[in-house]
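> The lines below spell out each chain.
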Amino acid sequence: MSPEPIEGETDPTPVRHHILSVLVENKAGVLARIAGLFARRGFNIYSLAVAPAEGHARFSRVTIVVDAQSAPLEQIVEQLGKLVNVVAITDLAPRDATERELLLATLSVDDSNRATVLDVTANTGASIVDVNGASVTVMLAGTPGACDRLERELERFNDVAIQRTGRVALPRLDQTAMAKTEEKV
Amino acid sequence: MELTGAQALIKSLEREGVETIFGLPGGAILPVYDPILDSSIRHILVRHEQGAGHMAEGYALATGKPGVAMVTSGPGATNIVTPIANAHMDSTPLVVITGQVATASIGSDAFQECDITGITMGITKHNFLIQSVHEIPRVVASAFYLATTGRPGPVLIDLPKDIAQSTMEWWYPETIEELDLPGYRPEIALDEDAVALAAELIAQSERPVLYVGGGTLKSRATAQLLAFAERTKMPVVTTLMARGAFPDSHDQHLGMPGMHGTYSAVTAIQKSDLLISLGARFDDRVTGRPSAFATGAKVIHVDIDPAEFNKVRRVDVALQTNVATALTALDDLGATPLNLDVWWKEIRTWQEQFPLFYEEPTAEGPLRPQHVIEAIAQSASPGTIVSAGVGQHQMWASQHWQFEEPGTWVNSGGAGTMGFGVPAAIGAKVGRPDRTVWCIDGDGCFQMTAQELVTARAEGIPIKVAILNNAYLGMVRQWQEMFYEERYSEVYLSADLPDYVKWAEAMGCVGLRATNLKEMHEVIARANEINDVPVVIDFRTDSREKVFPMVPSGASNDDIMVHPLQRGGGQ
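Taken in order, these protein sequences are the chains called A and B.
Read in order, the letters of the first sequence correspond to residues 1 to 185 in the numbering used here.
Read in order, the letters of the second sequence correspond to residues 1001 to 1571 in the numbering used here.
Keep in mind that the hints were calculated from the coordinates and are not lab data.
One or more hints might be untrue.
[To be verified] With a cut-off of at most 27 Å between alpha-carbon atoms, the simulated DSS-like pairs for lysine-lysine come out as follows:
| hint | chain 1 | residue 1 | chain 2 | residue 2 |
| --- | --- | --- | --- | --- |
| 1 | B | Lys1345 | B | Lys1271 |
| 2 | A | Lys82 | B | Lys1065 |
| 3 | B | Lys1298 | B | Lys1345 |
| 4 | A | Lys27 | B | Lys1011 |
| 5 | B | Lys1298 | B | Lys1233 |
| 6 | B | Lys1311 | B | Lys1271 |
| 7 | B | Lys1311 | A | Lys82 |
| 8 | B | Lys1345 | B | Lys1233 |
| 9 | B | Lys1065 | B | Lys1011 |
[What the hints assert, rightly or not] Far from chain B, some chain A residues (derived; all Cβ distances over 10 Å):
| hint | residue |
| --- | --- |
| 10 | Val24 |
| 11 | Glu78 |
| 12 | Asn85 |
| 13 | Val86 |
| 14 | Ala115 |
| 15 | Val129 |
| 16 | Ala141 |
| 17 | Asp159 |
| 18 | Gly166 |
None of these values were measured; they are calculated from a predicted model.
A virtual CB, placed ideally from N, CA and C, is assigned to each residue, including glycine.
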């Protein structure tokens, strides 16, 4: 059974999105192989994040949020599994995963909006990580939903530059047994 | 023992049991051509790199062994892209070695540089850009392991020139573990529950069909197939990629399914209650409109590649294994359908009502292409290997040649590569020199790769080529006639330009021509007497002849069109 979503952390991402946590050999061109596969099979990538896995130099973990309406999830997983450099694929339904994403935003501030910026920052749990006379950079590390909310809040300001990382995810601890790990066969 | 990278590459190929390389040298691959002089491996010098790739494919399809091709960087590499794509579509084991510019020049737009690993990423099972001379043995061993296990396919090795020239201490991986492929596990344990479920579906079936695909040949399961079919009495259809997997002469064989399949094969699938797919992939040329394909059938899908399950057709039981293992497991459970007498009675009616049909030719010509193929087949020695290009002639060859054993049909299925026939026949003949090899070709296809007959003559590879010369790109003409109101756009080629007899002679082959029945029999007899040089025959065939039966593209298989003279009753 699935736990109730944590208050304030409901994921607004539609269910058609699925998270694939893909362990790959850290070899030249692996990302191109994955991206190329998605492109030629018409699978849509919603976001993608890559970093070395568990301190290995040998493996990387690629977290891909896929649009499961662009193709059946089974096809995406099986085609991905055929890439020789892909070692394991974990398919995480959004509610079985702990997901986080990082958002950075730079916006112009002056006396007319400084108070509002500080309010928004405080209310969304973001923090200010860089300042100069005319601009601030705010940062939020949170759920994709929290990042969405901050992004909406920031719409009211002018000259906003926003960069999100795309989500990273691991199986929720109490749900590990329910996550379906597709060991490569 | 210290070797150069080039020597290590050739020695690695020798270790993998390679007997023949099809290739053409150039700047970046030059270092590797030097140790070939000292190697036991036979190198066949082609006239165009595409020829090398298709020869390697023909070799692989006729022998079951991986085909090997070697070309230089840049245009050499891009010229072999078509055969690589072709092998990828048809799961043909191929190892292609390309030269690459020196490591330091990669990315600088150097002379004859191209990103061939990038280009072939989507059309290889895997590819390698060698980064260090020490990894050459591991990469070569991995390439052969990948190409030949699981679902076979093409693997490309890109070798920078400086790495070929540097030196290494010779070693060779002795075990699969040493290949270091943590993400590649081609075989998994058989799912016993799924086998039991499959046996249950079989036991409830009254109208089963064994839908045999190329995977049956790839897994060398033809003996198991014959035994299983004969024990269960099920009807068998063999796809274009599986011709020869089950004897055409066998009375349980209904022929080829699909767009140009026999009426009985297509209709038996449509009316079946159980389809047992053995290494087939529900290609659109077989299914017609997928939503109308065998709507009453449950599906047992045997495939080594799990990505094929539920890709086109939702399956009831998926057996992820090779065909031989699956059939043995089903036999062990004694899986047997219900009494099939009623089913067979129905099938026999279709066979009698709508056999393959064409109008008899008149004595003075033009020749009927189907009749030419049957005449060649009747006078061919048993076990003759047949290759084809792509188009009408290919369909007629598949329909009208009697295939009795594996490895006797060499053709381009998934990719539909025109020009495949001549070089593939050469490769097949190199792999099986004991066999007669006929290429049934079209005039359009022949013009695409005919230059490889120079290779055949120079290397002493005596193939026989039958050009079914209808002066048109025949299959396109057929579609324009049937679906574009006879508006013929850019399909006329002329029967006389080029002069195929003179062209053949210029390439050192015997050139013959037949325009009527008497000449047809004479030139076939003459061709059968010539076993030292290639023979090319220009058969003048009727341009209006069309391939039937036909399921129009996107139509339901229920709407199969038989030959016009067979229509009017019962269809």
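> It remains to establish, for every hint, whether it holds in the given structure.
Do the hints match the structure? See the list:
no. : hint                   : in the structure
1   : B:Lys1345 to B:Lys1271 : holds, 13 Å
2   : A:Lys82 to B:Lys1065   : holds, 22 Å
3   : B:Lys1298 to B:Lys1345 : holds, 21 Å
4   : A:Lys27 to B:Lys1011   : holds, 26 Å
5   : B:Lys1298 to B:Lys1233 : holds, 18 Å
6   : B:Lys1311 to B:Lys1271 : holds, 22 Å
7   : B:Lys1311 to A:Lys82   : holds, 14 Å
8   : B:Lys1345 to B:Lys1233 : holds, 13 Å
9   : B:Lys1065 to B:Lys1011 : holds, 18 Å
10  : Val24                  : violated, 7 Å
11  : Glu78                  : violated, 4 Å
12  : Asn85                  : violated, 6 Å
13  : Val86                  : violated, 5 Å
14  : Ala115                 : holds, 52 Å
15  : Val129                 : holds, 36 Å
16  : Ala141                 : holds, 31 Å
17  : Asp159                 : holds, 37 Å
18  : Gly166                 : holds, 23 Å
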